[in-house]
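Turn these sequences into a full structure, and let the hints guide you.
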Amino acid sequence: MNLIDRYVSEVGKHLPLLNGREDIEKELKSTLEDMLEDRAQNSGQARDEAMEIEVLKEYGSPQKVAQTYNPHPYLIGPKLFPFFLFVLKIVLTVVVSVMLVLAGIQAVTDTPFMGADFAKIIGQGLGSALSAAIAAFGNVVLVFVILERVLPDKEIGSFDDEKEWDPASLAKEPDPDSVSRSELIAEIVFTFVALAILNIYPQWLGMFFFTENEQVFFPIFTEKFFQFVPYINIVLVGKILLDIYLLRNAIWNQLTRLSKVVIEAASLTLTVLILRAPDIIAFSAESLANGPFEPEQAEIFATIATYTFPMMMAIVIIIQSIELVKAVYRLFKMRRETA
Amino acid sequence: MAKTESIENVVLELRRGVIVLATLSQLGSAEYGYSLLKKLADLGLDVDQGTLYPLLRRLEAQGLLESVWKLEEARPRRYYVISAEGKKLLPKMKKEWAGIVKVMDKMLS
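Those sequence lines, one after another, are chains B and Z.
Per the numbering used here, the first sequence starts with residue 322, numbered consecutively.
Per the numbering used here, the second sequence starts with residue 58, numbered consecutively.
It is possible that some hints are incorrect.
Unchecked claim - Derived DEER-like restraints, expressed as beta-carbon distance ranges:
{"no.": "1", "chain 1": "Z", "residue 1": "Met-161", "chain 2": "B", "residue 2": "Arg-657", "range": "32 to 42 Å"}
{"no.": "2", "chain 1": "B", "residue 1": "Ile-643", "chain 2": "Z", "residue 2": "Ile-76", "range": "50 to 60 Å"}
{"no.": "3", "chain 1": "Z", "residue 1": "Gly-107", "chain 2": "B", "residue 2": "Asn-570", "range": "29 to 39 Å"}
For the record, the hints were derived by calculation from the structure and aren't laboratory data.
The model shown is predicted, which means the values in this text are computed figures rather than measured ones.
In this text, a Cβ means the ideal position worked out from N, Cα and C, and glycines have one as well.
As structure tokens, this is what we get:
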């Protein structure tokens, strides 16, 4: 392998992973050969290694040359960046608020208002909120980095509303078949965060209680709940794929409407199955009594938890039912209009 | 040193804006990268290889250029030529350029 081939190969190593890497290398080699031929002709000297070194030095370091072919020198481009900030603010606000509320509940129910334990719980709560915020930030960045690379340029371009925005559109009726990009992106991010929590951070689904000497973690769910996780994953991934498809196409069609019905029906079925499954909640008077609770306190806490879960699931089922009915109605309406 | 660099950057930015027009205008007949580079230099526009080659790929991706590999002198060369879409755009760019020159002449004279 001569110097030129080694240089071309080195440039190739630093090229971004895109189609046409071989093409770039082939063109670069051809150009360098042309330059050397030209130089040899002009100087009247035969081509040698010194001339090759001179040409390569002039052309620049392999990293620098490869960088000029990089269409994405940034993680999140300027057109998606405002949406990234929009979603990030929502996600961070929700995540930090939830973590702080959980820490607050724990501090109030678990310890006296003053003292080392109270300060410890508050400190731990702030620490958890910070680590959750960092993890959420990482996940949001990851989603947008993927969107930046998955969405075609023209779709990313259409996020730049300022150029296309028409004040007259304020008076227009919204098109029922158009999609709201910001809502879709927010949904993708939240679904992604849910996937991450269920699969990577299941330990977050629980509460810490502090005794004098140790901290005790009580998971909210039993192993039986985690048997549903693969099915939940399928539904959540389906949601993300549908949202990405809608982002690319910008408008609902019969296929996406039908997919929405299927996903909503699957979500509802899954929620009902989880609700009907016995022994899903890990909190029980016996297990809590082993922790920092007195038997009576444990009984009360377990009772609250046992009743709260079905109530929350019932609310989720109502919301999902409404979403399913809306999805079915919109599908039939679209079919009627296109018939 | 920093001041010289910033002046160079301003000049570079100014020139960068015209490279697309210059490139499209010179690709009425097929040229390979290095021959185009020399052609532009002969006409007085020195363009860095690191700018021209990625630009050619970008213009091709945008549908303004077409390219084909040809084997010449035992060496494959990629020839670029303006596409139908590029031909439609070129007169508009020329008109825009003429307008800019006119305005800037007025401002700078």
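Item to check | Range agreement (Cβ of Z:Ile-76 with Cβ of B:Ile-643, hint 50 to 60 Å) | outcome: holds, 56 Å
Item to check | Range hint 32 to 42 Å (beta carbons of Z:Met-161 and B:Arg-657) holds or violated | outcome: violated, 59 Å
Next on the checklist: If I claimed the Cβ atoms of Z:Gly-107 and B:Asn-570 lie 29 to 39 Å apart, would that claim hold in this structure?
Outcome noted: holds, 37 Å
Violated hints amount to a single one, hint 1; each of the other numbered hints is respected by the structure.
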